[in-house]
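Asker: Below, each chain spelled out in residue letters.
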Amino acid sequence: MTQNNFSQKLYPAFRESIIILAVALFIAVVFNSFRSNNIPLFGFSSAALIKEQQAKIPSITLSEAHDLYLNNKVIFIDARDPFSFEEGHIAGAINIYPDEASLQAASLKIKVDQGFSFITYCDGPQCPLSKETAYALILRGIPTVKIFVNGWSIWSKAGYPISKGKK
Amino acid sequence: MKFKNFPRHFIPFFALICRLTLAIIFFYAGIEKIVHPGDFAVAIYNYQLLPDFAINLLAIFLPCLEVIIALSLVSDIYTRGAALFSALLFLTFATALTINLVRGLDISCGCFGASSGNISWFYLARDLSLFCISVFILIYDCGWRYFFV
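As you go down the protein sequences, you meet chains A and B in turn. Numbered by this note's numbering, the letters in the first sequence go through residues 1 to 167 in order. Numbered by this note's numbering, the letters in the second sequence go through residues 168 to 316 in order.
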């Protein structure tokens with residue numbers, strides 16, 4: 001096929017594709033405005049969606065968390081910043097700030113295959129970090145994540161094992 | 168109506184088969200997404216490539232575009248335009264898939280609405296194959312007139 005022949009097909013194709021684009025856009029907007037389960041053209045809110053999806057992640061109580069800790073089939077994930085982690089964390093916990101979830105996902109998937117589940121926690125009843133880390137891990141294919149709300153305060157006040165430093 | 172050139176010439180005949188196959192794929196994909204626009208908007212959001220204001224617009228527009236491409240391919244009206252758009256769409260899908268596979272996100276493909284499986288290298292290979300088929304149609308398709316008098 002010569003270059004000239006290909007060009008002869010390509011230029012009409014561009015013109016036709018613009019017509020298809022315009023027709024599709026017109027029909028899409030009109031159809032959406034008349035249908036019963038329509039969605040607003042520019043109304044998508046990622047913040048609302050994240051909040052809704054985070055609310056679906058199951059949470060866990062102190063006694064449940066402690067039982068799992070004793071069974072040795074759970075990994076605690078401290079979602080706070082590294083400085084808070086070094087000052088004190090649940091014994092055996094690892095530190096994964098929400099932004100670092102993508103870096104750690106591959107090694108955690110190996111643990112999933114070995115039968116481990118995960119509990120994320122941070123400090124304070126309103127702290128969003130544990131939910132954000134849990135959500136980031138679930139997005140990366142780690143399904144067995146639960147949230148221990150206000151985990152650090154509750155755990156340390158109960159007198160359960162804690163560690164200091166980087167490990 | 169009489170047949171002519173049917174199916175003696177392999178390339179136009181193969182282009183016809185490709186065109187009809189692509190039309191079926193686009194029609195099915197488009198209808199699945201049109202039925203649940205909210206779910207498709209979430210699937211687009213999960214790719215984390217677009218700003219919020221563009222997500223619903225694309226969720227409304229893309230399924231409609233897919234159905235119109237399918238109708239265009241079947242009816243042989245603006246077939247070259249449809250094939251060109253199809254090639255561009257599959258190239259875009261392949262790019263989006265590659266970015267998120269490299270990122271390590273384990274999200275729904277959204278290729279055929281909410282019921283699609285999670286993204287994988289297989290889906291990337293499939294999109295690139297469909298891209299090649301689209302280019303083949305763009306270059307070699309001769310339309311219905313080639314086969315019918």
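Rather than coming from a laboratory, the hints here were simulated on the basis of the structure. Errors might be hidden in some of the hints.
[Said to hold, decoys possible] Selected chain A positions facing chain B (in silico; Cβ < 10 Å):
1) Phe-14
2) Val-149
3) Ile-162
4) Ser-163
[What the hints assert, rightly or not] Derived coverage of chain A by chain B (criterion: at least 3 residues anywhere in the stretch with Cβ under 8 Å from a Cβ of chain B; other residues may be distant):
5) 24 to 36
6) 43 to 56
7) 61 to 75
[What the hints assert, rightly or not] Computed Cβ-Cβ distance ranges for the label pairs, DEER-style:
8) A:Gly-88 <-> B:Ile-198: 33 to 39 Å
9) A:Ala-22 <-> B:Phe-220: 34 to 40 Å
10) B:Phe-279 <-> A:Ser-33: 40 to 46 Å
Even for Gly, the Cβ is constructed at its ideal location relative to N, Cα and C.
Asker: Hint by hint, note whether the structure agrees.
Answerer: Going down the list of hints, with the structure as the test:
| no. | hint | verdict |
| --- | --- | --- |
| 1 | Phe-14 | holds (7 Å) |
| 2 | Val-149 | violated (25 Å) |
| 3 | Ile-162 | violated (31 Å) |
| 4 | Ser-163 | violated (29 Å) |
| 5 | 24 to 36 | holds (count 7) |
| 6 | 43 to 56 | holds (count 5) |
| 7 | 61 to 75 | violated (count 0) |
| 8 | A:Gly-88 <-> B:Ile-198: 33 to 39 Å | violated (56 Å) |
| 9 | A:Ala-22 <-> B:Phe-220: 34 to 40 Å | violated (21 Å) |
| 10 | B:Phe-279 <-> A:Ser-33: 40 to 46 Å | violated (25 Å) |
When held up to the earlier numbered hints, the structure conflicts with 2, 3, 4, 7, 8, 9, 10 and fits the remainder.
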